[in-house]
Amino acid sequence: MSPTTPAATPDLLYSEEEEALRAAVRALLADRADPATVLAAVESGRPHDPDLWRALTAGIGAAGLLVPEKLGGQGAGPREAAVVLEELGRAVAPAPYLTSAVLAVTALLGCDTGRPEVAGPLAALAEGRTVCALAVPLPTAPGGTGPATVRADAAGALTGRITSVADAAGAGLLLVPADGPDGPALYAVQAAADGVRSEPVTPLDLTRPLAHVVLDGAAGRPLARGEQARVAVERALRTGAGLLASEQLGLAEWCLTETVRYTRERTQFGRPIGSFQALKHRMAALWLDVASARAAARNAADALAGDTPDAPVAVALAQAYCAPVAVRAAEECIQLHGGIGMTWEHPAHLFLKRAKSDELALGTPGRHRAALAGLVDLAAP
Amino acid sequence: MTDAADLRRRTADLLAAHPPTRRPRPPLAEGPAGPHLWSGTDRLDFLGARFDAGLAWVHFPEGLGGLDAPRSLQAVVDAELAAAGAPDNDPGRIGIGLGMAAPTILRYGTEEQKKRFLRPLWTGEEVWCQLFSEPGAGSDLAALATRAVRDEDGDWIVDGQKVWTSSAHLARWAILVARTDPAVPKHRGLTYFVCDMTDPGVEVRPLRQITGEAEFNEVFLTGVRIPDAHRLGDVGDGWQVARTTLMNERVAIGGVRTPREGGMIGVAAAAWRDRPELRTHDLHQRLLTLWVEAEVARLTGERLRQQLSMGQPGPEGSGMKLAFARLAQQISGWDVEFRGEDGLTYDDWTLRRPDGVDFIGREAGYRYLRAKGNSIEGGTSEVLLNIVAERVLGLPPEPRTDKDVAWKDLPR
Ligand SMILES: Cc1cc2nc3c(=O)[nH]c(=O)nc-3n(C[C@H](O)[C@H](O)[C@H](O)COP(=O)(O)OP(=O)(O)OC[C@H]3O[C@@H](n4cnc5c(N)ncnc54)[C@H](O)[C@@H]3O)c2cc1C
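Residue numbers (the working numbering), protein chains in the order written: chain E, 252 to 632; chain U, 4 to 415.
Here chain E stands alone, though its shape is the one from the complex (with noise of 0.2 Å):
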């Protein structure tokens, strides 16, 4: 088989029980979540919302999806928790779920479970007692982790500096890479230890606070070592780049109903503003790109739910081509609202901000072609 093929064809529908978990979220994130809420709580400085996250792990059960049912989890997959970050990203809801659920906990699971030091967090991040985050920086690329920038002693004491982490600030835990004694592994850091110390930065996203993770002589457990900690972290960044692209789909789902809806309300010159046909078209045009996204979104979450060979291309295709319909989408929200997307009280900014920093996280849509180039025998010159 040329490694342009894939092996089988994907499932790119939604399941009853996908639905059923879809429309439990959607009701809490209504609840929970409007934009007038989520705005106020931006501004509040928490790093999120608490009651929110209490809601949708211990209620839901959202955090232990990816977790199987003996590690206190879920036991689902990929294709669910790509449900979850659909209607958040329709949110903008600020909860660490990416972060935390994803990336976290898909690390962690690729260190030996059967130890303690890694079965307990997990656990405690299934059940939402406890949140998670990986410490690399949010720009990282699957495949493009470069040298570590923490050492580690002998005795496990951790030195370096860890630059926008998403996330970070609201963490109990963080999972640090680093060059330890024996080359590189992963360790646990307890974030209220002694020698850890989190520098927040205002970040353009204000729904995924950033900040700069500086550890100095800070105590870790080494949960994974050599090949399996470069594999795991590998696998954290591949499976969070896979499902971004569902957030993402999310997001410009909501930037075109809700630019839909105001077209369709707001008149100018004697009638409806949608119905001038340079502003439908482009709607519509918004359209065809949301529903292609769909497409590679979901494509992504079922070749990561089945580990299939080809889930390299469909990760690196469904972000090279969800991330800037996620832009477009937004951007063209603001414009077609004229006047009003332009205030902090339109929701719209909120979506903006998310979409053009969800670009750069883990790997802007470059990069993605470029690792695809490799992937599918299109070699550059």
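What you were told as hints is all true, and nothing was included just to trick you.
A few chain U positions that, by computed beta-carbon distances, are all more than 10 Å from chain E: (1) Ala7; (2) Ile160; (3) Thr201; (4) Asp350; (5) Glu366; (6) Leu372.
Computed Cβ-Cβ distance ranges for the label pairs, DEER-style: (7) E/Ala529 - U/Ala273: 36 to 42 Å; (8) U/Val386 - E/Ala631: 38 to 44 Å; (9) E/Ala631 - U/Gln315: 38 to 44 Å; (10) E/Ala529 - U/Asp412: 27 to 33 Å; (11) U/Ala86 - E/Val452: 55 to 61 Å; (12) U/Val386 - E/Ala274: 34 to 40 Å; (13) E/Val452 - U/Glu340: 41 to 47 Å.
Don't read these hints as lab results, they were simulated from the structure. Beta carbons: idealized from backbone N, C-alpha and C, even for Gly.
Based on these hints, arrange chain U with the ligand on the given structure of chain E.
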């Protein structure tokens, strides 16, 4: 109820009773082209037997090429037959018959019409064309001026000119919309007919297009007599019937499953792999972007197909043609540019009247030129965007000045 297992059994029975002829090998190929390669059922006989077995389009009624089975199960039959090397009915050549005439006849035809037309349409013995567009009526199809007037016998006498008629030079039959009442608003005075292209008064003239060949034609209709028995639907109901035809034009997409790099992007990617000396960074960036879009479009089509087979047709169908047209144009444009000096040449400007469109077999220049038609034929991209905006997104319609005016009073 017909299920997949039942269809597999029926397909096996068909193959057993009518083993298809294998194509003879080309003379220069190795190995003996033994006479056994010629044995078996003749191509047309096989296709006829397949129709009679209800395996032509399984969702059609029994006796009319189908089994009243779910549409999604057609894929089961097609896969089995392809695996057995059975001949197909050359859907590229008879696309208008299959995609547009057949579903319209099925919905609006009398029993007699269905019996007469569907079988030879499906086997390809009779090619169909579509006499809709006119010099003055393209996107605004309902403005058409071709007249049909009833004579004393109840037959219809048709006069007018049609244009851009693909395959008219091959066609035995045409679907035709004509004006039967100029005194009412334009959408209400139309009637739908089946026109015999061999009748006196039908004149087909090749219309050369930008590729050099004449894939489509001008058709002049002068005193053409169409029996009332060849009317589809009620008098004055032609617009309703035409909408069925146009809708089916777009649904047709859902059924086909293509592999990755199966379409035009495959040709471009192969060129990239074969000609390292022509690669530049800029072309590389653009190729990757196009590859991503082509693969996502393929997946979107696949998702639509899966929705159809679950019986939940999504609105994606109306958008697929838009995506296809844009991609075909961008990829073919990239392809000409990539080929450098070769891109400056063209394979053949001879005026020919081809059987169909050859997007893969011919050169980059042909593909580039022919793809320009993808955003015009079967509804322009602008008109399709209107349809998506109004029918899928529910945006308000354009204000109109022509709706309640009698056709004869409209400015022309
Ligand atoms: C290769 C090819 C094969 C064809 N085969 C057939 C065939 O077999 N049978 C047949 O009947 N016809 C056929 N056609 C004709 C085709 O359906 C028409 O060309 C098409 O519907 C457009 O009509 P028109 O050419 O009159 O353009 P016009 O309708 O005059 O359009 C000109 C331009 O104006 C734009 N425009 C028109 N109305 C609007 C609007 N409301 N909003 C925004 N923009 C608008 C169009 O998008 C286009 O860009 C074929 C065409 C091609 C190119």
